[in-house]
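Residue numbers (the numbering used here), protein chains in the order written: chain A, 1 to 271; chain B, 1 to 236; chain C, 1 to 252.
I should point out that these hints are in silico values taken from the structure, not numbers from a laboratory.
Because the structure is a prediction, the values reported are computed rather than measured.
Cβ coordinates follow ideal geometry from the N, Cα and C atoms, glycine included.
Honestly, I wouldn't trust all of these hints.
To be verified - Heads up, simulated DSS-like pairs for lysine-lysine below, C-alpha to C-alpha not over 25 Å straight-line:
(1) LYS134/A with LYS95/C
(2) LYS145/A with LYS131/A
(3) LYS95/C with LYS239/A
(4) LYS95/C with LYS199/A
(5) LYS239/A with LYS99/A
(6) LYS95/C with LYS225/A
(7) LYS196/A with LYS95/C
(8) LYS74/A with LYS134/A
(9) LYS95/C with LYS127/A
(10) LYS95/C with LYS145/A
(11) LYS199/A with LYS121/A
(12) LYS173/A with LYS95/C
As the list claims (entries may be wrong) - From the derived model, a few chain B residues whose C-beta atoms are all more than 12 Å from chain A:
(13) GLY79
(14) ILE124
(15) PRO128
(16) VAL219
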Amino acid sequence: MTVRRMILLALIAGAMASASGAHADKLVLGNEGSYPPFSITDASGRLTGAEPELAREMCRRMNAECEIVGMDFKALIPALLQGKLDGIVTQVKPSAERKERALFGIPIVYNPDAYVIAADKDYAFTKEGLKGVKFGQLRGTVQPKYLTDRYGDAIEIVYYDNPDQIRLDLLNKRIDATLGPRVNWTLELIAKPEGKGWKLAGGEIWTGDPAIPQAERGSSWIVRKDSQPLLDRMNAALKAMIADCTFTRIREKFIPTPIVPGESACAQKKP
Amino acid sequence: MLSLLSFGDTGYGAQLAFGALLTVEVASFGYALALVLGTAIALATRAGDGWRWALWRGYASIFMSVPSLLVIFFIYFGGGQIVDAALRLVGLSARLQVTPFAAGVAGLSIVYAAYLAEVVRSAIWNVPRGQFEAAAALRIPPWLSWLRIISPQVLRLALPGLVNLWIVVMKDTALVSLVGLKDIIAQAKTAAGSTREPFLFYIVAACFFVAMNWITFLVAGRLERRTARALTVAGA
Amino acid sequence: MIFDPHLAWQSLPQLLRGAAMTIMVTVPIVALGLCLAIPLALARLSHYRWLRAFAAAYVVIFRGTPSLILLYLIYSGLGNIEAVRASPLWIVLSKAYPCAVIGFVLVHSAYVVEILRGGLEAVPVGLIEAGQALGLSPRTLFLTVRLPVALRYALRAYQNEVLIIIKSTAAVSAITVVDLMAVANEIFYLTYDPFTPLIAAGMLYWGIINLVRGGFDLADRRLNAHLFAARPVRTTGRPAALFAVPQQGTIA
Chain A
1 MTVRRMILLA LIAGAMASAS GAHADKLVLG NEGSYPPFSI TDASGRLTGA
51 EPELAREMCR RMNAECEIVG MDFKALIPAL LQGKLDGIVT QVKPSAERKE
101 RALFGIPIVY NPDAYVIAAD KDYAFTKEGL KGVKFGQLRG TVQPKYLTDR
151 YGDAIEIVYY DNPDQIRLDL LNKRIDATLG PRVNWTLELI AKPEGKGWKL
201 AGGEIWTGDP AIPQAERGSS WIVRKDSQPL LDRMNAALKA MIADCTFTRI
251 REKFIPTPIV PGESACAQKK P
Chain B
1 MLSLLSFGDT GYGAQLAFGA LLTVEVASFG YALALVLGTA IALATRAGDG
51 WRWALWRGYA SIFMSVPSLL VIFFIYFGGG QIVDAALRLV GLSARLQVTP
101 FAAGVAGLSI VYAAYLAEVV RSAIWNVPRG QFEAAAALRI PPWLSWLRII
151 SPQVLRLALP GLVNLWIVVM KDTALVSLVG LKDIIAQAKT AAGSTREPFL
201 FYIVAACFFV AMNWITFLVA GRLERRTARA LTVAGA
Chain C
1 MIFDPHLAWQ SLPQLLRGAA MTIMVTVPIV ALGLCLAIPL ALARLSHYRW
51 LRAFAAAYVV IFRGTPSLIL LYLIYSGLGN IEAVRASPLW IVLSKAYPCA
101 VIGFVLVHSA YVVEILRGGL EAVPVGLIEA GQALGLSPRT LFLTVRLPVA
151 LRYALRAYQN EVLIIIKSTA AVSAITVVDL MAVANEIFYL TYDPFTPLIA
201 AGMLYWGIIN LVRGGFDLAD RRLNAHLFAA RPVRTTGRPA ALFAVPQQGT
251 IA
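Chain A with its partners taken away, still in its complex shape (with noise of 0.2 Å):
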């Protein structure tokens, strides 16, 4: 009993401890893993999508070994701050607060946001206007904010921990509409069959930091603030991989349209 329960203990210790912190060429990465199509967890339950394969490219070039491990993106930013993860490599709008906590890259994608509303209906953007109107928000995402800062009580917000959640219940009626990334929600809803009776509205919404002037309005991959180096390397793969156009060759397998502006260059080469 006294030998088993020892054994016992030994394995649940190595359970729980790992390297703490990551060494200099081993990284954790952390991704969302269900934001088509910057993230899919295909059927054999590897994480794919645009960001998943440009990090492992920059990995790569980095001579990194890199483990990319999906969770909710409410989850990401405090397991970072944590030391579960070395970076993020979902893209996060930089706002006050998160610039507060960690460092930006080089912006990943210019992805602002659009409201998602049915197509038949045509909401003036004020509080008047928007009264009683559901929307459906993911958790720890700066979009929730920026609805209450401009709405105040005259909305009513649903909380999801996955898009795929969103989608879902805005199909089935359950929320009347949402406030988020214009390439993701074209992409997975307005463009297929099912997403017939919905359109964008109000523009490019900008719900990152005010204080961004509006040429650098982009989102970035993450780490904290005492990995600078770490960012500096990564920033270096990530302007390397768009220069000689593996950044587009990589987008183009999931996003039919660029997403920086460097990619401009390698958009004109192609026949």
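Fit chains B and C to the supplied structure of chain A, relying on the hints for placement.
Same frame as chain A, now just chains B and C:
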């Protein structure tokens, strides 16, 4: 539609199976640890008074009055810092990365040790006084009488409660999916989201748990009959 | 470990709203669960085989399934079926709160069925026979003799089950209902402080649970007053080893 459940690249069968395995692992480790802790507590607080009893009442009051989900969240999000702070008192410093698996096992064992301690305590209390007295009269050393005489009877009396709690623990592991463990429920949720077939996958997950319940029922029946064999005398 | 009293005080209104939602979810569950469980418990003990089988299957399915799966099934699973959305059921199922209540009522009632069954079976046969001898109708016999006595025996186990269901409702945050657990989580994701909101929520849960437990203790004292009368030996006031019913259901 059933092809979605197949093993291999197009079906989610493999993921669900791995998830099911994880569920069983978390439940087993959590329950085993809780049983060890609970038994230790039951033995230590047999006197029913003193500082040990006060400590036990405090611990029980806290951990039987909060949801296990809360304890699991607490350990997952705060566990690393707690261990770090505790070790700092001794002069060491280490950052423990608490995985969802560890948080689940730790949370479940801390909460259910309290319930299991009550079951074991009540079972020990219900063993007839005469057994202890007889063992003492025969000069059987305490460790031997505990091992060969008292424990089997405690097991018999505690068995229904122990089985009950095993089922509860197994179903509580479902909550660990909410801290990110890729157990069968998390896999069902991912598959449901990707394929837009929530009904199919959640029913499969439910069937898994009902099946585990059934197996437990069978095994428990066997165990009950075996431990009660001393009572089934001819005619009884 | 840093418990930030300032943050706790600031979040108190939000946490109390969450606690209110937890109570608003629990009360219908307990009430409806009991209502559903009484006829099912009778079915479980009935003479008709198919009734017995149906009730037994109900218990096996809903005790064996984690409440989280039931919540997902009702909210996402049923919500995805066209036929359900077109039917009048949708008026109820389109909101998350009714889905949560229905899910937990199914689970809770399955446990209460077994607890009631144990209580009903523990009623001394002599009492029933006496009632029959006195010419009481089966309905009067059940309502005035069998059920009240069964409830007394089952009270401890029932109390445990109610306490457990209050704690289980922490899972409703998974289908967007904002209860105490969900509020604590939200505060964490905003402030990145794991300890303060969770400890504060824990204290609120502790308060709710112990209030309910106190209520049950009062009920226990009144209904089982005859057991609390001057009896020097029994410190728990329960007729302990004579029958197994409270033991069985105690931990649920």
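- List in ascending order the numbers of the hints, as given earlier, that are violated by the structure. Hints 3, 6 and 13 not satisfied by this model.
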